[in-house]
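Trainee: Full structure from sequences and hints, please.
If you're matching them up, the sequences are chains A and B in order.
Numbering follows numbering that gives the first Met the number 0, with no gaps: position 14 of the first sequence is 13.
Numbering follows numbering that gives the first Met the number 0, with no gaps: position 65 of the second sequence is 64.
Hints may be right or wrong, so weigh each one.
As the list claims (entries may be wrong) - Here are some chain B residues pointing at chain A (derived, C-beta under 7 Å):
#1 Q39
#2 R42
#3 N69
#4 L74
#5 V76
#6 I115
#7 L118
#8 V127
If you are wondering where the hints come from, they were derived from the structure by calculation, not from laboratory data.
Remember, predicted model here, so these are calculated numbers, not experimental data.
Where is the CB? At the ideal position from N, CA and C, for every residue including glycine.
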Amino acid sequence: MISALDRKLLRDLSQMKGQAFAIAIVISAGVATFVNSRTILHSLEITRATFYERQHFADLFARVKRAPDSVTDWLKDVPGVSRVETRIVENVTLDVAGLEEPAVAQLISLPVVREPALNQVYLRRGRQLTPGYDDEVLVSEAFTKANNLDVGDSITAIINGRRKQLRIVGIAFSPEYVFQIKPGDLLPDPKHFGIMWMEYKALATAYDMYGAFNDVAFSLQRDAAPEEVIHRVDGLLDRYGGLGAYARKDQLSHLLLESDIQSLKTAGLIAPTIFLAVAAFLLNVVLTRLTSLQREQIAALKAFGYTNFQIAWHYMKFVLLIAIVGGCVGTAGGVWLAHDFTKMFLRVYQYPELIFRVRPSVVARGVLIAGGAALLGAMGAIMLAVRLPPAEAMRPEPPARYRPTLLERIGLGRLVPNVARMVLRQLERHPVKTSFSLVAIAMAVAIVVVGNFMRNSVDKVIQTNFFDVQQYDLSLATVEPVSIDAINELANVPGVHECEPRRTVVARLRSENHSRRLGIIGLPTDCRLMRLISKTGEMVSLPPEGLVLSQKLAQVLHVRAGQTIRVEALQDKRPVADVEIVALLDDIAGLNAYMNLEALNRLMREGPQVSGAILTTDPLFRPAIYRRLKETPQIASVTVKQASVDSFRNTIAKNMMHMRAINLLFAIIIALGVVYNGARISLSERSRELATLRVIGFTKREISTILLGEIGTITLLGIPFGLVLGYVFARALTYFLDQEVFRFPFVIANSTYGLAAGVVLAASIGSALLVRRRLDDLDLIGVLKSRE
Amino acid sequence: MSSVLAHDSEFAGPPRGTAEVVFAAQALTKVYHMGEVDVQALRGVDVELYAGEFVVLLGPSGSGKSTLLNILGGLDVPTSGQVFYRGAPLTEFDDGALTRYRRENVGFVFQFYNLIPSLTARENVALVTDIARNPMKPADALALVELTERQDHFPSQLSGGEQQRVAIARAVAKNPAVLLCDEPTGALDVHTGILVLEAISRINTELGTTTAVITHNAVIAEMADRVISISDGKIMHVARNIHKRPANELTW
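Mentor: Encoded structure:
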């Protein structure tokens, strides 16, 4: 049997259903973002951990030029090493049917007679490689999908200079390539970069590597220190052309996954906090009004003998009901959002399956936090109402006190019309409520600004990196360093406008106890096709001697311009030299080290050698150029700039559009919650005034101005404040997101400000109009007959 | 015409015989639908109010006097019957026309003052003078009710009687043709009530504003030109006071 007091509760709620609904929606957005981010985070972590464990993802990696299999035993004996798996990894150019440009694959050897101990391949479809068949390959799924290939199809690869027809027998995934990106690229391009696995014997024969390996993976014992193992492994592999071992945390795919997870962790807490703070505020305002309207009812209840606690609990239930509805809707919304987001992640991450798991504890925590925030917001209002002695509560509330506003006190009162005066005094009378509403509206605006800023920033990265820095449209890398003449020949190929050589040398930069393994890029004097440009667009010219480092790299290595740094080349003659850092470049992506090509060659104690080239080409001749490149055995990889940009637009850009839509929705929810409730409270507080004004002869339009003036003023002040807040947040974000992979430049397009202001304004006007309709039902006579 | 009115017509006709008819109501009825119950507030009322007179509508609560006043003031519409204001059919006005009618012609005073708490006394009056066609200065209106010194006070700083006088100033500041007061002393003690009535009376004599006051207090009827008694939705009796008593002689 439902008690009379609970009946009152339900009727009060149904009378205020519009407001209760608006608040429940804000709460649900808070719970949804919480459940969403925790669920995604959990799903991504568990998916990654499960996949890594099942496929025995290695802890340590090393690359060598060529080491005999006998070295394996030494490697196994390194203290801390648990298992070792050696293999051959080569880059090959592919000729894919239907794809004009050449594609590149990382071709990895598999021991067919047994499962590899580490980095096992997950087979989605098809079958494993058959021993003795040297034309069978497993291919990564992203590449086959992007190129419409399937089991049974063929691909032509140029393997060590020879064209070879390969048959796809299986579609596969690897823990090493969850984030499948060509080393040195900024964006994944699954159409032009794939992973292929081939029988060891076939690959070894093709590259004359039988009985040897050029790549090795380790798993470590639980208590092993990776730095220690790296040091010893490097010592063993040096004489075989070791390029330096590195731990899992520096493995490209893992590094990118980890940086995504880290940013999710922080971003996942911000949105729920904003929503729940807004909800708490709204509940405070609504409960303050409700208890003030029910002042005499509370007195009567007390007179009947209800305890303070019973009355407080009555209102707490009111708040909790709203919170529970918000919590349920939010949980459902959060799970749905998480589903949607994981789909976006699957566009970029290559997992055979994503383990999507909603933990009950996350849902429970979300709902608890929502309830807690709601009670926290309402508690002040409830306690104030409950503490009032019944005799005092029986008397009507004293008339509201007002005073001249600041504007009038400083003598500008004459300039303010009467209606504006009412609005301003009302605003000034509730400074806390006014400022909180203002902040909430500003938050709504800031959410849109920040959401859109990410897009502006990425656009800027794309513009800077692909169009300002890269003046070429094609870049290629050779298998081995070649004489500069080979590259100069390319300039004579029909359709090649310009061609500039470049060389990349894998080296370790070391300064005291900080070191970093990377490729030093050598560019020719007067390089035109590649410009060193900072985030802010300043160009740095490459000096004839010395290094130019990314500012971020200098930060990692704790060095400054003017200092010298030790360069330990890991290729060819492996020279070691101290080189001066001539300048720092505040660039946009990656950790880069640039050097003049001739200076780099001198450092390597070699003649004019190059390892690649960058070209500009005539679009009409491109098919012919691509054909020629596909046939050139020395070429290990070709990158077509436009393809990278297109791939970006198909994946990450799509995801960002999606995120932007969700951000807009969130901003609308906040604006709706704040403006609708604000206007409803105004209406409740002032219906008497408004009815009086109507009686006196004010038109509906005029009293609408008074009703909506308050919330309208808050909105109009909140929007510019929100634009500033968005600016500040975006600035802070560029600082926190300052990562080694990607440094978000601070750019906010004017259209972003316009969108943010426009969306919030439109949502506010919409909610205000909803409330304005109620003025039609204003009871002119009833309101005059009764006391407030 | 009701038989009662016909009987009293000799006393209850226009003052000095020729004054202009401001309001003419014919066969007014009003039914309120309160949930499932119908309440008949007016059951066929015929009445005329003349320019410049001071009329008291006297009756117990629930007699229909407020309903009649609300209809005359353009706040409510009758279920049947017609009302003419200076020959114009109020009953055919739409909402916009009624708003304009109230804005230009009618001053209202309510039992609970209905001042805007966020505006000072002067600003409450200015609220009306801002939108009126031919208003007096707010300060002059407040002088009429002897509140010049309190004009910069907010309602929370004024006594009940002072608040009601501000309401009267607000009602008359637009120079309305009619002043309609619904229980203007209902929430006040005798002393302040008298002050308020004096103010209303002064408006009536000094400005010539046609004034109708609703009350259930028979004493107040003694200061009127005419007294219209209403009971159970009908006009029971109309009487002319030969000797009007000034407000300050009243007591209850």
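Trainee: It remains to establish, for every hint, whether it holds in the given structure.
Mentor: Structure-based check of each hint:
1. Q39: violated, 17 Å
2. R42: violated, 19 Å
3. N69: holds, 6 Å
4. L74: holds, 5 Å
5. V76: Cβ of V76 of chain B sits 11 Å from chain A, so the hint is violated.
6. I115: holds, 5 Å
7. L118: Hint holds; L118 of chain B Cβ to chain A Cβ min 6 Å, cut 7 Å.
8. V127: Where the cut-off is 7 Å and the nearest Cβ of chain A is about 6 Å from V127 of chain B, the hint holds.
In summary, the numbered hints that this structure violates are 1, 2, 5.
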